[in-house]
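Asker: Each chain, letter by letter, is given below.
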Amino acid sequence: MSLRAAVVTFPGSNCDRDMAVALESVSGEQPIRVWHGDSALPERLDFIALPGGFSYGDYLRSGAMAANSPIMREVAAAAQRGVPVLGVCNGFQVLTEAGLLPGALMRNASQHFICRTVDLTVANPDSLFTRGLEAGQRLRIPVAHHDGNYFADETTLDRLEGDGRVAFRYVENCNGSRRDIAGILNETGTVLGMMPHPERAVDAAHGGTDGRRIFENAIRALAHA
Amino acid sequence: MKIRIHVSLKPGVLDPQGRAVHHALDGLGFAGVEDVRIGRLIELTVADDTGDADLEAMCEKLLANTVIENYRIEKVAP
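Sequence order for the protein chains is A and B.
Heads up: the first sequence begins at 1 in this note's numbering, then just goes up one per residue.
Heads up: the second sequence begins at 1001 in this note's numbering, then just goes up one per residue.
The set of hints was computed from the structure by calculation and includes no laboratory data.
Since this is a predicted model, take the numbers as computed values, not measurements.
Please note that a few of the clues may not be correct.
Said to hold, decoys possible - In the EDC-like style, the derived pairs of lysine to aspartate or glutamate whose C-alpha atoms are separated by at most 16 Å in a straight line are:
1. B:Lys1010 x A:Asp126
2. B:Lys1002 x B:Asp1052
3. B:Lys1002 x B:Asp1048
4. B:Lys1010 x B:Glu1069
5. B:Lys1010 x A:Asp153
6. B:Lys1010 x B:Asp1026
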């Protein structure tokens, strides 16, 4: 399965290598590494990943500075053209701050940083990233965040649910997210933001490989597109 | 020209930080605190001819996240 993927690194990203390793282990092809200050993305990309971390030290708001970095204009344009984009953790925060996904990620309701493996359920099994999974299927994937409390107004939440744009939910709400939301999709289902880290569950040595399913699904769906 | 941007959480948006501080004030024995909401104050020094439209654009594009926050622009008398 050939995949021309890019992983964007912002100053303060710390899961960019893990993301690249995960993508390579599934696709067999090394992703292209892109720097936040680059003004162009490589051509003919099949996939873009925004990794976790603490871009710009979480200054102002998590993801706010990165959302305004030069490369994000290109990522937004690519997303507009239909190139799949996966944002994990800080990457999810960047996607909401950039307006590519609705809502915002706020401080965890507990005020505490949480770092543990949680159970998710698949809310929408029909997206690029979840095809092949079953509705309600459980996945065990690690979370590690301080600002993962998903917020959107009731109208937006109703719309997300009505349109099948909630990709994953927490079985036990660990951070106060509205309606237990752990990951959401954009209108076309090609942009996924999620707080849990699938790239930290791709190898048996990680203690589980449920995250691998998400990469496999996306890559398989792209191969058949 | 000095500008103060007051950024606050919109009504209805849960403020876990404010709630924790509220508990702490209760713990210190300050009775009668009904609510605590925490925001952010950003002080800008800008050219005197900076227009209101520019200041608003700064808030909309970066300084506030209007999904969850309101902002108020205050021009500080020199």
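Asker: Decide, hint by hint, whether the structure agrees.
Answerer: Hint-by-hint comparison with the structure:
Between lysine 1010 of chain B and aspartate 126 of chain A the alpha-carbon distance is near 34 Å, which puts this suggested pair outside the 16 Å criterion. With a CA separation close to 13 Å, the supplied pair lysine 1002 of chain B and aspartate 1052 of chain B stays within the 16 Å bound. A hinted pair counts as satisfied when its Cα atoms are at most 16 Å apart, and lysine 1002 of chain B with aspartate 1048 of chain B qualifies at roughly 9 Å. Our distance criterion of 16 Å between C-alpha atoms is met by lysine 1010 of chain B and glutamate 1069 of chain B, whose separation comes to about 5 Å.
A distance of roughly 11 Å separates the Cα atoms of lysine 1010 of chain B and aspartate 153 of chain A; the hinted pair therefore holds under the 16 Å criterion. For the proposed pair lysine 1010 of chain B and aspartate 1026 of chain B, the alpha carbon gap of about 24 Å is over 16 Å, so the pair is violated.
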